[in-house]
Each structure stands twice: as structure tokens, then as C-alpha cells.
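Chains as they are written, first to last, in the working numbering: chain A, 1 to 484; chain B, 485 to 968.
Since the hints were derived computationally from the structure, they do not count as laboratory data.
Since the structure is predicted, the reported quantities are computational estimates derived from the model, not experimental observations.
Don't take each hint at face value.
[Stated by the list, open to error] Here are the computed lysine-lysine pairs in the DSSO-like style, where the Cα-Cα straight-line distance is at most 30 Å:
no. : chain 1 : residue 1 : chain 2 : residue 2
1   : B       : Lys594    : A       : Lys387
2   : B       : Lys555    : A       : Lys45
3   : B       : Lys594    : A       : Lys341
4   : B       : Lys601    : A       : Lys223
5   : A       : Lys283    : B       : Lys691
6   : B       : Lys529    : A       : Lys387
7   : A       : Lys162    : B       : Lys529
8   : B       : Lys954    : A       : Lys151
9   : B       : Lys691    : A       : Lys387
10  : A       : Lys204    : B       : Lys594
11  : B       : Lys865    : A       : Lys151
12  : B       : Lys594    : A       : Lys432
13  : A       : Lys105    : B       : Lys555
14  : A       : Lys204    : B       : Lys691
15  : B       : Lys954    : A       : Lys223
16  : A       : Lys117    : B       : Lys594
Number of protein chains: 2
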Amino acid sequence: MIFSKIDFNDEEPLYLQIENYIRSMIDSNLLVSNGKLPATRELSKLLGVSRNSVITAYENLEEKGILYTVKGRGTFVSEVKSINEDGWKVSWSEKANDYGNLAEKLDIVKSEIPWEKNLISFKSISPDGELFDMEEFKKAFLNRISVEGHKILNYGYAKGYKPLIEHLLKYMNTKGVDTIGKDIIITNGFTEGLEMILTAYTNKGDKIICENPTHNTAIKIMKVHGVEVVGVSMTEEGIDTNELEEKLKSNDIKFGYLIPSYHNPTGIVMKGERRYSVYNLFKKYNVPIIEDGFNEELLYNSTHVSPIAALDNGGSGVVYIGSFSKILFPGIRVGWILADKNVIDILESVKRCKNIHTSFLDQGILYEYLRSGAFEKQIKKVRKVYKEKYEFAIKCINKYINPTFIWGEGGLHIYIRIEGVDSRQLLEECYKEGVIFTPGDIFSVDDSCKECLRLGLSRLSIEEIEQGIKIIGEVIKNLKIINI
Amino acid sequence: MIFSKIDFNDEEPLYLQIENYIRSMIDSNLLVSNGKLPATRELSKLLGVSRNSVITAYENLEEKGILYTVKGRGTFVSEVKSINEDGWKVSWSEKANDYGNLAEKLDIVKSEIPWEKNLISFKSISPDGELFDMEEFKKAFLNRISVEGHKILNYGYAKGYKPLIEHLLKYMNTKGVDTIGKDIIITNGFTEGLEMILTAYTNKGDKIICENPTHNTAIKIMKVHGVEVVGVSMTEEGIDTNELEEKLKSNDIKFGYLIPSYHNPTGIVMKGERRYSVYNLFKKYNVPIIEDGFNEELLYNSTHVSPIAALDNGGSGVVYIGSFSKILFPGIRVGWILADKNVIDILESVKRCKNIHTSFLDQGILYEYLRSGAFEKQIKKVRKVYKEKYEFAIKCINKYINPTFIWGEGGLHIYIRIEGVDSRQLLEECYKEGVIFTPGDIFSVDDSCKECLRLGLSRLSIEEIEQGIKIIGEVIKNLKIINI
């Protein structure tokens, strides 16, 4: 096809013109290394020249090592290309916009101490993969594939896989959330859920109220969207309601962002009464709540605390973001947003702009896993394991650290404060002893929490937990002596 | 836990206070339908009251139908809730921002005639699922799971699954692209690739040059980002280079966006020489190119045409977006960006803001499928099938429609123009006869292409293609008579 347009001259022999033409195409990368050339018969027909001219051109190029022939397969371009040092250089580092630059600046994966082998890392709050039931997972895959066949591998709907959506609507009902007038869209995890809401509903300079400290990824997503993050202090009972009302009153607030269960990073579970008064404050000032359902599934007690969304009976004031990423397979990236139909309708179109839809295969597997009952078994198992780790860690912290306070009632992490100790300095010293954790400032919206740290427990053994906490305790003692 | 704080008074009997407290919790949704209450022994301990008071309270509530008991399992909350008509109503329809509103307005799924059973639809250009090799797919899943175990289901890296990235780097080498100084990030398909680049590198009011007509989703993504889309006319040879230079010269252009192979919607394959001159024009004006590798894998000829990225030897001027979504499993949403390392570094942080990473399970399966050789088999099979459909459709178009021009050299669709016929009117009339297609205006950046239409062939049988084109031809005849 690309050979169809040689303008032959009358001066040079045809074979040479063909030869030069092929060379120039290779030089300018129009012909690829190991790319197959047309058969001599085919090319001679295309160019309207004798087959001999083509054969001679090919032979000459082969002699020069530019082409090679494989018997019975054809003639190919050799790998002879060298990098062009004078290539077109674009100054990419000057081109990124505020979002791009801020995303990079706030990317803690790039700035914090990375995980290394033999380190005891309290950084992670992702689930312990050893607890995944791989046999049930495989079964879920094979069952769903046998029900749906190739359809589940083709394009699907932006809102998500219908059986999964219906399952999750019912699931939200069991949490006490009324779903009349509401709908669900499936997202690539919590992160995309929050990102989509901000994309569709916030403008630069808008203000969002949240607990301070709060989930660092949420802070980052708000900041890259140019949103001003307004923090309200945390108390042992959850967000400070007096301060909350002051800030709701005096500011033009767009949304509230709250994590009521095993709050990240403090681990505090907002009690029922507090949920009710917080909900009523946002309602009073007509500021919609974005509720992060994080870790809700891990609540141990016989009586569930309902999500704040359940308090919004008959209303549309709460946008709920759910995810099983701290229990089931975060690597498959499936979460959901439950909200007023009007919101889901806009988000459906936003999703089509972002990535069309979340993997239907992953949604199908998750649905099968949920409907088979494997999820309930899994929940019971992980609750038990994480509870043991949590209770053991509390004992170790009391024994080896004796901090100013211990926050957190369970889940995957514990939050502590050690008066007089800079957690950044502590981290530096602990790192030398083979232990790392997440310093509190990462979760702070205003440079506070400098004496706090979050200890993620989910991926550590009982032995590692004890050893790690013991080391932290020893380093603290030495630091305190130095500081005096 | 939520029962820990009853402030008992001295006036009422304890059981009544407990009863009222539980009722108020249910009324305010703090206790969920079918939620389990603490055992009487447990609750009496918590509240510091006699067990009898709790038993009486439970019994009274059970009599009123508010609680129910399941023998051996415990006491639960009944489903008696009714929707609160006076709930908190948020005016969501006024809250969306420009992105949200524009995403909805430009969402053709919401505005165009949807697919229905028994319609012959030339709208789709997604692959024919019947061609997917499900056995190879299952094998790929099981093999990758057995290699990686639970790791592939836990959090992974924002850039993507390393074996897949390495495989794709080599794959790009076979296309003649040098990858020195470059890197790859895995995205949720082409759509997310383009969306991420615009998120990180464009500001409102920036200009992007593209072929006119072009891929409608790309136009939409640019518009929701507030980017001004500058169209350059298509000729039968590809983008008009004179017009391109005029526009590169006179405007402050941020990027070029190009689809060189089986261009969407025209189906035109830009020839090697044209690729070279187009590349050199962008280089001359130092405007980086975003190359959409769409359908490149379907090119039939023995000699590949290299992507434009291959012309950029030693340079960093081309950002290449690749995807197998038109051949393999679009439902799993895996694509990639190949670009200068500096670009991938920023995009890695952007990806962490958007959705952390693309499903590692899906990446793992795709990698296994590619490395096993199943991909090459699949490519050969689909090329043959789509080529047959394409050639047959061309015959039918010439026989039944005889349009002003037929563009497109293969792939999944054909683009035709019928002078004097408004393709919107044609669509309306064809719909009555059970045939739909995509009218040209959808792909236009300036309201042109009104006499054109795109016919997607991939999901239709030979019989449906003939019947559908015949009907379009008949409707055109009638329209022409009416219009005279």
C-alpha cells in the first residue's frame, strides 16, 4: 500500500530507484524492523515494473544487511536502527498544569519512605491477602463467565452491571438506607467515586468541610480540584459539633465530607446520637454530606450503627460512597455511589467521559461472590482476625509506648499521640531500627497532628506487631531523653 | 455500643425508659430494620440495670410489632419504616458545574436512538463477542491466578502491572517505536488515557487541533475540559496538510490529536508519506501530537504502516495512546499511554488521584493472553472476518446506495456521503424501517458532515449487512423524490 507512489525518473535504473526508496522509508521509520515487505511479484505489479527490478533491489539491500530473507516466509527489514540523537525534544516539565503539578507534589508514594523487605511497616491499611478465599474467587469467576459468556467481556453500561447494582441497592436497604428516589453507579473504588463527585459538582475555590485529621487521599483529591479544605477538630466522640456549626454558619460551604466508621486515621466510630446531631447540622445549613462508608463492614458489634445515609430517610442530602476494598480484593477496584437519581444521572455521563465504565468482568465476579454467600463468610473471618490484631496491638501500645492517648475502636488501624514527640523525627529514628508508620501530619489539613501517628495493623503478624511497637517505644524513650 | 449512654430519670420505670429509647433510635434510623439487638444479659450489663427491665422492654416492643425474636438467634428490629415525606430535599439539578452539565448534554447515549431488539444497527463499532476465545480467556485467568495468587487481588502500582508494561514496551518496539527515555502507564482504556492527558496538561481555553470529522468521544472529552477543538478537513489521503499548516501557524495550539489508522469515523488510513509530512509539520511548530492508535492492529497488509510515534525516533513529541478494545474484551477496560518518562511520571500521580490504578486482575489476564500467543491467533481471525464484512458491505453500498463517496479502507466501519441527503432525516426514515446508523454531524467539530454517515459493521451478520444497506438505499430513493 505505501509503495504505490514512486515517481520514477528517467536517469537512474529502476532497481536503484526502488532500492533508494526502500532505504529512505526505513530511514524515516516508515518501514519497521522485522516488518515484512511485499512479495516481489506483488510489488512489481503494484509499481508497474518488471519483477527483475524488484528482485535486484531486494538482493542489493540484503547484501548491505538492510533486508533479510526467511525461506518460505518472505523478505523482512533488519534491525539496524540507531537512536536519532537530534530528535524532537519537547520540554514536558514546563507543560503540566496546576492539577498535574499538585498531583505530583501531593503524591506521598513519591515523597514518603517506601516499603522495603525486612521492614516492619505499620503504613499499610490494605487487607491481608492471605485472608482472601481464592477458591471462592475462582468459582465466582467461572460461574459468572458461564452465565454471561462473552457478553461480560464486551462494552457494558456506564452505570454498571445491573445485577450488581440491584444487589447493592438491597444491601444498602439492610443498612437501613431507603433507596426510593435514589440510584447507584459503580466506580473504580472509593477514589474514583469522590473524584467524580468533585469533577461534576465543585469549582475552584469551593469549600468542603471535613474532619481534621482525615483520609489523606481525600485531601489530595480535593486540593487538586482547587477545593479549599475546611477542617473541623476531632474529639474522642467524633467531629466537634460546636466547631462544626461555627464553620457551617460562617462559611459558604459546598459539601461536608465525613468518615463516620473507624474514621481514617483516628479509628473513631461516631456514635448514633452524634451521627444524628451532625446530620441535623448539615441539614439545617442545607450543606449536602458526602459520606465515606470506609470500614463500615468491619464494625464488630451485634448492633450495627447505621450510616448517616440511613438518617436521611425520604431526603436527598447524603451522597454515600461505598467500597469493599478493605475486605475484598482492592486490586479489582470496584466501589459505588448511592445518591439521588438526579446525581447518578449526571455522574453516569461523567463516567462516560472518564473511562466509559468499570470493568464488567470485575463487577460480575464481585456480584457472584456477594450473591453466593462467600462475602458473609469472609466478613466474619476478617472481623475476627482484625479484632485479634487490634486488641493485641492495644495491649502492646500500653505496655511499650504508654502514649498520651490511643484513639480507635477497631478496624485496620490505631491512632496515637505522644506529647512532646515529633512524629517525623520519630519516624526517621524508627526507620533506622527497621520500623515505619504514617506520621500524623499527612492526614492534617492545617499542619497539626505533629505528635500523632497512625499504625496500620492489617498486614502484620502478631509477632511483627509486638516487635514493631516495642521498637517504637524504645526509640521514643531515647528521643525523650535527648529532648530533655 | 450505641446503648451506652441512656440518661435515666427517676420518674419513669426503667423498662419504659429503655423501651422509649429503643423506639426513638428506630425512628431516627439509628437502629436498622432486621438489625440485631444486644442480648438482654449484655444490655443489662452495659446499662447497669437489672436484666428484667431489659426483658420487659423487649417484650413490650415485640407486642407492638416493633421488634421480633428468632429462637436461638436473638431479637431484631422489624421492618416497619415508612418513607418520611418531609425529608431533606437538596436541589441537585442546580448544583452541577460546567463539566457535569456539558458531560450530560454531550452524552449521545442519552440523546440518540437507542439499540432495540430487531433493529439492524450500524451504530456499533465494538468487536463481535462471538469471536472472543472464551477458553483461552479462562485459561489466561487460571494461569495468572496460579502464578500470582492473592497478590494480584490486592493493591498494585499506579503505573500498572509490571509484566504487562514490559510486554507492551516490546510490542511498541515491534511497531518501530523506540522506547528509550519513554515509559508506559496502564489506563482504563483509550478514554481514560485521553482524559488523563487533558487533566494534567490543558487549561480552559487551550486549543487542540484534530481531524474534522473525528472520534466523537474525543471531541466530548476535550469540550468538557473547556478545550477549544480546532478542526482540519479530511481528504481521501488523510488530514489536509495545507490547512493544517495554516492553523498551526496562526493559532496558539497546545496539542494535535490524530487517528492515523482506520480513522474514526472516515476509515481512512494515513499513508506513510503523509504521516511523515504531518509529523514534520507538528515538529516544525513544536506542537506535541497525541496519537490515537485506534484500530492499528486491524491493518491487513503484509507491510505495516508504522504509527506516527515511530517517526519520532529519539524525540519526545508524540504521546501514543493504545488499546486492544476493538479486538479483545473491551469490557475489561485496559489501555496504555506510551510517552516521555516525564509525562508518565506526572500521569502516574494523576492516576493515583483518579482511581489509584487499573484492575490488576484484568491487567494480569490480558498479559497472560498476550504472552501465550492467543492474541496473534485472535488478530488473524478477526482481521479475516472483518475484512470479509468490509468487502461485502462495499459491494452492497455500490449496488444499493451508490453514494457520492465511500471512504474507509477496512476495519470496523465505512463512511459515506450522499449529496443532497440530510443524514438526520435519513436516519429518522430508516428507523421507521428498522435500520439505524450514526449520522455524520456527531463526529463534526463545526456542524459539517451533514450528508455523511458512519456504518459500523463489526456486530452484524452478512445477511443483516445486505438487508440493512438495501433498506437505506430504498429510503434514500424515496427521500430524493420527495426533495425534488
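Tested hints:
Proposed proximity of B:Lys594 and A:Lys387 is contradicted: the alpha carbons are some 47 Å apart, above 30 Å. The suggested pairing of B:Lys555 with A:Lys45 is violated, with an alpha-carbon distance near 88 Å, which exceeds 30 Å. As the CA atoms of B:Lys594 and A:Lys341 are separated by approximately 15 Å, the hinted pair is consistent with the 30 Å bound. Using a Cα cut-off of 30 Å, the hinted pair B:Lys601 and A:Lys223 is violated, with the two alpha carbons roughly 46 Å apart.
For a cut-off of 30 Å, the pair hint linking A:Lys283 to B:Lys691 is broken: about 42 Å separates their Cα positions. With a C-alpha separation of about 22 Å, the suggested pair B:Lys529 and A:Lys387 falls inside the 30 Å cut-off, and the hint holds. Only pairs whose Cα atoms come within 30 Å are accepted, and A:Lys162 paired with B:Lys529 is rejected, the gap being roughly 45 Å. Only pairs whose Cα atoms come within 30 Å are accepted, and B:Lys954 paired with A:Lys151 is accepted, the gap being roughly 29 Å.
With a CA separation close to 55 Å, the supplied pair B:Lys691 and A:Lys387 exceeds the 30 Å bound. In summary, the hint linking A:Lys204 to B:Lys594 is supported, as the alpha carbons are separated by about 28 Å, within the 30 Å threshold. Of the pairs offered as hints, the one joining B:Lys865 and A:Lys151 holds, with about 19 Å between alpha carbons and a cut-off of 30 Å not exceeded. Only pairs whose Cα atoms come within 30 Å are accepted, and B:Lys594 paired with A:Lys432 is rejected, the gap being roughly 58 Å.
Distance restraint check for A:Lys105 and B:Lys555: the Cα-Cα separation of roughly 58 Å exceeds the 30 Å cut-off, and the hinted pair is therefore not satisfied. For the hint linking A:Lys204 to B:Lys691, the alpha-carbon distance of about 21 Å falls within 30 Å, and the restraint holds. For a cut-off of 30 Å, the pair hint linking B:Lys954 to A:Lys223 is broken: about 56 Å separates their Cα positions. With a C-alpha separation of about 51 Å, the suggested pairing of A:Lys117 with B:Lys594 is violated against the 30 Å cut-off.
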